[in-house]
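Peer 1: Whole structure, please, built from the sequences with the hints as guidance.
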Amino acid sequence: MRALIATADCDVLIVGGGPAGLAAAKYLADAGRTAIVLEKRAIAGGKLSSWRDRDGDWLESGLHSFFGGYANLHELLADVGIAHHVLWQPHTLTWGFPAGFSARWPAREPVFEAFHFVDLPAPWNGVGAVLGGRYVFNNVEKLLFAKGTLPVLFGDHAYAERQDDLTYAQWHRRRGMSEHMLRAFFAPMALALNFTPVDRISAEAMLRVMAYFASSKNASRTGFLCGPPSETFVDPLVAHVRARGQTVETQAAVAQLVFEDERLAGVRTRDGRTVRAQATILAVPLHDAAKLLPSAMLRDPLVHGIAKLGSSPVINAHLWFDRPISAHSNLMFAPGTMLPVHADLGQVSPGYQWPGRSFIEVCVAPADDLMSLDDETVIDRIMRDMLRLYPAATRDRLVKAKLVRIPKSVYRAAPGAERLRPGTRTPVGNLFLAGCYTNHRFPASIEGAVRSAKSAVEKTLEAIGSRGPSGVRA
Numbered sequence: 005m006r007a008l009i010a011t012a013d014c015d016v017l018i019v020g021g022g023p024a025g026l027a028a029a030k031y032l033a034d035a036g037r038t039a040i041v042l043e044k045r046a047i048a049g050g051k052l053s054s055w056r057d058r059d060g061d062w063l064e065s066g067l068h069s070f071f072g073g074y075a076n077l078h079e080l081l082a083d084v085g086i087a088h089h090v091l092w093q094p095h096t097l098t099w100g101f102p103a104g105f106s107a108r109w110p111a112r113e114p115v116f117e118a119f120h121f122v123d124l125p126a127p128w129n130g131v132g133a134v135l136g137g138r139y140v141f142n143n144v145e146k147l148l149f150a151k152g153t154l155p156v157l158f159g160d161h162a163y164a165e166r167q168d169d170l171t172y173a174q175w176h177r178r179r180g181m182s183e184h185m186l187r188a189f190f191a192p193m194a195l196a197l198n199f200t201p202v203d204r205i206s207a208e209a210m211l212r213v214m215a216y217f218a219s220s221k222n223a224s225r226t227g228f229l230c231g232p233p234s235e236t237f238v239d240p241l242v243a244h245v246r247a248r249g250q251t252v253e254t255q256a257a258v259a260q261l262v263f264e265d266e267r268l269a270g271v272r273t274r275d276g277r278t279v280r281a282q283a284t285i286l287a288v289p290l291h292d293a294a295k296l297l298p299s300a301m302l303r304d305p306l307v308h309g310i311a312k313l314g315s316s317p318v319i320n321a322h323l324w325f326d327r328p329i330s331a332h333s334n335l336m337f338a339p340g341t342m343l344p345v346h347a348d349l350g351q352v353s354p355g356y357q358w359p360g361r362s363f364i365e366v367c368v369a370p371a372d373d374l375m376s377l378d379d380e381t382v383i384d385r386i387m388r389d390m391l392r393l394y395p396a397a398t399r400d401r402l403v404k405a406k407l408v409r410i411p412k413s414v415y416r417a418a419p420g421a422e423r424l425r426p427g428t429r430t431p432v433g434n435l436f437l438a439g440c441y442t443n444h445r446f447p448a449s450i451e452g453a454v455r456s457a458k459s460a461v462e463k464t465l466e467a468i469g470s471r472g473p474s475g476v477r478a
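The sequence shown begins at 5 in the numbering used here and counts up one residue at a time.
Treat the hints as calculated values from the structure; they're not laboratory data. Heads up, a few of these hints could be off.
Said to hold, decoys possible - Taking CB as the label site, the calculated pair distances span:
| # | residue 1 | residue 2 | range |
| --- | --- | --- | --- |
| 1 | Ala247 | Asp13 | 12 to 22 Å |
| 2 | Gly276 | Trp55 | 40 to 50 Å |
| 3 | Gly159 | Leu377 | 41 to 51 Å |
| 4 | Lys151 | Asp13 | 52 to 62 Å |
| 5 | Pro240 | Asp57 | 43 to 53 Å |
| 6 | Lys151 | Arg187 | 41 to 51 Å |
| 7 | Gly36 | Ala331 | 32 to 42 Å |
| 8 | Glu466 | Leu154 | 35 to 45 Å |
| 9 | Lys151 | Trp55 | 40 to 50 Å |
| 10 | Pro305 | Thr398 | 22 to 32 Å |
| 11 | His184 | Arg385 | 39 to 49 Å |
| 12 | Asp13 | Val122 | 17 to 27 Å |
| 13 | Ala87 | Asp378 | 14 to 24 Å |
Beta carbons are placed, not taken as given, at the ideal position from N, Cα and C, and that holds for glycine.
Peer 2: So this is what it looks like as structure tokens:
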């Protein structure tokens, strides 16, 4: 195929240096194609970025856990030589219920329930984990759970897709499962998935994840990086693609797309530089894509969902204590609190160098009503719930607390949103989309970002006349 753009600076220009953009650069290197990655921030990594504060302590844009079912991500990690950076935890999902959560147990004490996945093929190992719980659910609720989830565990993708007009709470009730299980078990799962409550999140989004985690034996097993994401994931990936001839620039914000004769010639950066390429992959967050794409293009059916999808805000809280305050070294779910998903990284990740003490990261969601509050007010509310769950977490034992606010994080998976997620292609033949908001039959996640990158590179290489990477792994 003839070159699309004369005097190009590279084969493919990638706008955005998050997981999707960096993965795309890696796949293009695999195919022998040159790429330039332009990242607007001073550090690469996007939603996986981390940085040091003035005290030298690490801050992160989110609490990141890796799951065993992230097939494309694990393939990428192995190729880059950093698969050993993921520290796998026991195959257990742990819930913590604060004092006063339920009349079923003493009101003055928190209750913890660990659901241990049994040594059976999927999905029976997960069903066995729930049925084997001792405290949270009675036998009737367990049987209703097993019956209610049958079409998810043993059905096909089409079943989940037909539920997109319902919230998860509506679907849950229609299937006859209990309100207690909805509030105690599934509510924090929805917040972990999309920072969206069960009465606002699409049933399809939840059911798709449930089906995926039930598809293989270790799909729901949790792992954590052995240190801050910048050191253990982002920097090694950047070094890998640079060593293979790719260019990664930071502080290189793109101001606009440059079109010539109805084709995309390249981009113009905020400092006035024009970068030209045969094709471009737009690997930026949803709200940035909406700003960069021309308004006329956003009316096209291929990409019109970009202007209609909303974003979920989230706050990532970092809490340093002067002693251990939790005995649990895994991902924790805590319904009815401001710490619905959290982990003591001081225990599970040696790279944070906080030995013998607790360094807890908390995904604070939903955060819609919290973004306008000052840090001290938010921290006070978090600490009240910390004390309900961990009696040792008194304010005098809190050494330091920091918040990272993300006003527009992942796309909001409200009912009807799944059908609005755009695909890889755009109305312009040499412009493609990547990012966890795109439609790749997976929720917004690191795995979703990598899947989108692989798909975008496949389509990009087809457009410029080259073979792409191996297909997306289911």
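Peer 1: Please go over all the hints and tell whether each is borne out by the structure.
Peer 2: Cross-check of the supplied hints:
| no. | hint | result |
| --- | --- | --- |
| 1 | Ala247 with Asp13: 12 to 22 Å | holds (20 Å) |
| 2 | Gly276 with Trp55: 40 to 50 Å | violated (28 Å) |
| 3 | Gly159 with Leu377: 41 to 51 Å | holds (42 Å) |
| 4 | Lys151 with Asp13: 52 to 62 Å | holds (59 Å) |
| 5 | Pro240 with Asp57: 43 to 53 Å | violated (23 Å) |
| 6 | Lys151 with Arg187: 41 to 51 Å | violated (19 Å) |
| 7 | Gly36 with Ala331: 32 to 42 Å | violated (51 Å) |
| 8 | Glu466 with Leu154: 35 to 45 Å | holds (40 Å) |
| 9 | Lys151 with Trp55: 40 to 50 Å | holds (48 Å) |
| 10 | Pro305 with Thr398: 22 to 32 Å | violated (56 Å) |
| 11 | His184 with Arg385: 39 to 49 Å | violated (24 Å) |
| 12 | Asp13 with Val122: 17 to 27 Å | violated (55 Å) |
| 13 | Ala87 with Asp378: 14 to 24 Å | violated (42 Å) |
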